[in-house]
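Chemist: Chains as they are written, first to last, in my numbering: chain X, 1 to 410; chain E, 1 to 300.
A hint or two may mislead.
Claimed, not checked - Lysine-lysine pairs mimicking DSS-like chemistry, simulated, CA-CA at most 27 Å apart:
#1 E:K61 - X:K404
#2 X:K30 - X:K182
#3 X:K126 - X:K213
#4 X:K54 - X:K30
#5 E:K61 - X:K213
#6 X:K176 - X:K150
Said to hold, decoys possible - Pulled a few chain X residues facing chain E out of the computed Cβ check, cut under 10 Å:
#7 V70
#8 Y185
#9 D239
#10 T240
#11 A254
#12 A386
Claimed, not checked - Computed from the model, here is a short list of chain X residues facing chain E with C-beta under 7 Å:
#13 S71
#14 M74
#15 T79
#16 A193
#17 T242
#18 K378
#19 T389
Source of the hints: derived by calculation from the structure; they are not laboratory data.
Every residue, glycine too, gets a C-beta built ideally from N, C-alpha and C.
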Amino acid sequence: MGIRRTMISIALALASASLAGLSARAEDVKLVLWSLDRDIQPAPNLIKEFNAQKNGIQIEYRQLQFDDVVSEAMRAYSTGKAPDIITIDNPNHAMFASRKAFLDLTDMIRQSKVIKPENYFPGPLKSVTWDEKYYGVPKATNTIALYYNKDLFKAAGLDPEKPPQTWTELVATAKKLTNPSKNIYGLTFSAKANEEGTFQFLPWAQMGGATYKTINSEGAVKALSVWKQMLDEKLASPDTLTRSQWDSTATFNAGNAAMAISGPWEIDRMLSDAKFQWGTALLPVPSEGAQRSSAMGDFNWAIFSSTKHPKEAFKALEFFASKDVTMYKDFGQLPARSDLPVPPTGNALKDSALATFVEQLRYAQPRGPSPEWPKISKAIQDAIQAALTGQMEPKAALDQASAKIRSIGG
Amino acid sequence: MKRMFSSITDGRGFDLVLVGVPFTFLLALSGLPLLYNILMSFQEVDMFSLGSVVRPFVGFKNYVDLFTQPETMSILRNTIVFVVGSITGQFIVGFALALFFWINFPGASWLRGLFLVSWVMPGLVVGAIWNWILSGDFGVLNFLLQQTGLMSGNIFWRSDPNFSLWAVILANIWLGTSFNMILLATGLAAIPTDLYEAAEMDGANAWQRFWTITLPMMRSTIGAIIALGLIFTLQQFDLFAAITDGGPNNSSNVAQYWAWDLSFRQYDFGKGATISVIMTVFVMFAATVYVRSTRHEVRG
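Just chain X, same shape as in the assembly (with noise of 0.2 Å):
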């Protein structure tokens, strides 16, 4: 008798659901995009705006964990069970764009009112190309720049409106705000062992003319040597290399360190953390004039080939691309755009920070593109660590390391 009526019952609810499915639009494209965005960042929030237009297109939300977005792409890909639209980490975009597992949508670009390639920062565009086409669009984009405490600089008679230019200064203002009594520390930064190690020091050795290919040219081997100076003589925490770019600013925020180079995610943690007054500046350079460079972080919009609606996919990315303006006003995310000035926040610190990192932003240059990184990224760390450990001179680890990243063809 009870189980009949269970029967039913669920009989009832299997045939209404089946009604409602059947009364929303036959005719909508369904599309299936993935992304590692949480609730209150972009992805969620502007497939619901997408959705709400009902413009015969509805898509489907995934969300990935960090560590998974690759690996997970992957296995979807090659068991034909890939979404539509897929957000990737800028560095893993040309493992799958060289594969052709992402679409190429140069010509969709062209063609395109809303996504023009000349409005992007040219950093974030290098990532979604490969061999001259793009596979992608960006999505938003950071890079890091130089944090520094302006009351330390003060109570070291330094001039707190004048931070440091060059690697040389660097290194002079570092041991001019060490002091190992009070537990300060003159620079804290992350030379860890996973990819933040390479996405602090690769604009380094950029500034100093090399780029991943000739990573043992004299002007890395400079870099690697002072970033060795700094922990040698205590400028730095030894921690250093076993610590996250986040963990290491905690330090700054907390007052033991005097300068910080970490990205614009710290912004909102240090207004409310630091009890100091702090400022903003552009990563210093090896000698004035020098050419800047820093390095660039987000995730990148592609479509998987494999896709059966590529122009409704594309339409998707252009309504992406069409609420960049508010991106940071609604997310606290850098969109890659240099055509979108970021609307003042009304808090002028960070308003001033802001524009530090968007004029880093200019210089911003991608890992890579290789489709090998991942390996080319460790053969760096590994070097970063031999020098910084006193294993092996800067010259020899990073032989060693341009050594490997000519075997794996990068």
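Fit chain E to the given chain X structure using the hints.
Modeler: What follows is chain E alone, placed relative to chain X:
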């Protein structure tokens, strides 16, 4: 038909079913993945061929490549140090605690239960806490060592290549001790008390009783503990991820973490599988030793 049925409920068929179910289970969930892993170690596997079984066969190339890499030998050595160090530490501290609680003072069983809390904690949480404890500039461990006057300068447990592996071992000993203690405590409880009474009458002192009664009676428990310890330490991954990331410069990298790094960070699944095969060989060797050393216990 009826005969077949009765054979299944009671007879040869029943035996076969009893053996067959676990055997199928083992084959499907352990055997096949193991064989697949061995197959992968002879192939070139990248992310795009992950979905297919037929992939370019490369013979022993993965093995040769691995052993020509400069870090391989030190990582294998680290693995052995990690396993031996962790098991020794866990066992000695665990045994000492088990003996301590065996005295059965008021509240002993209560306290013993509390010790298990450390075993219940997720590895990543343990790792994060040890990360703070071991931190160079503001770590609790450095603070304690300095306050007690054992040491004057800071030791950078995580970032000094001489200490980083030991930092993880220390955390792992803490994590595994309580499990060792509980298993050893049950072993101790199973020893009949009349043995001790008889020995005491014969005039054996505490040390002699421990050496001639406790240890021999605990032989199979100890064997099981060490075999399990080997498995648990070779599985230990979270602590490496949370404390050192295998760094600095691979000084705290071990085979299991390296296999993960190769497979899921560098997407070189073939080499990741190769390391797993090498680890399997190690474990099989250890398992054989364990089985042989405890074989006659079963009969007794």
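Chemist: Please go over all the hints and tell whether each is borne out by the structure.
Modeler: Evaluation of the provided hints:
| no. | hint | verdict |
| --- | --- | --- |
| 1 | E:K61 - X:K404 | 17 Å, holds |
| 2 | X:K30 - X:K182 | 60 Å, violated |
| 3 | X:K126 - X:K213 | 16 Å, holds |
| 4 | X:K54 - X:K30 | 12 Å, holds |
| 5 | E:K61 - X:K213 | 25 Å, holds |
| 6 | X:K176 - X:K150 | 13 Å, holds |
| 7 | V70 | 7 Å, holds |
| 8 | Y185 | 8 Å, holds |
| 9 | D239 | 5 Å, holds |
| 10 | T240 | 7 Å, holds |
| 11 | A254 | 9 Å, holds |
| 12 | A386 | 5 Å, holds |
| 13 | S71 | 6 Å, holds |
| 14 | M74 | 4 Å, holds |
| 15 | T79 | 4 Å, holds |
| 16 | A193 | 3 Å, holds |
| 17 | T242 | 4 Å, holds |
| 18 | K378 | 6 Å, holds |
| 19 | T389 | 5 Å, holds |
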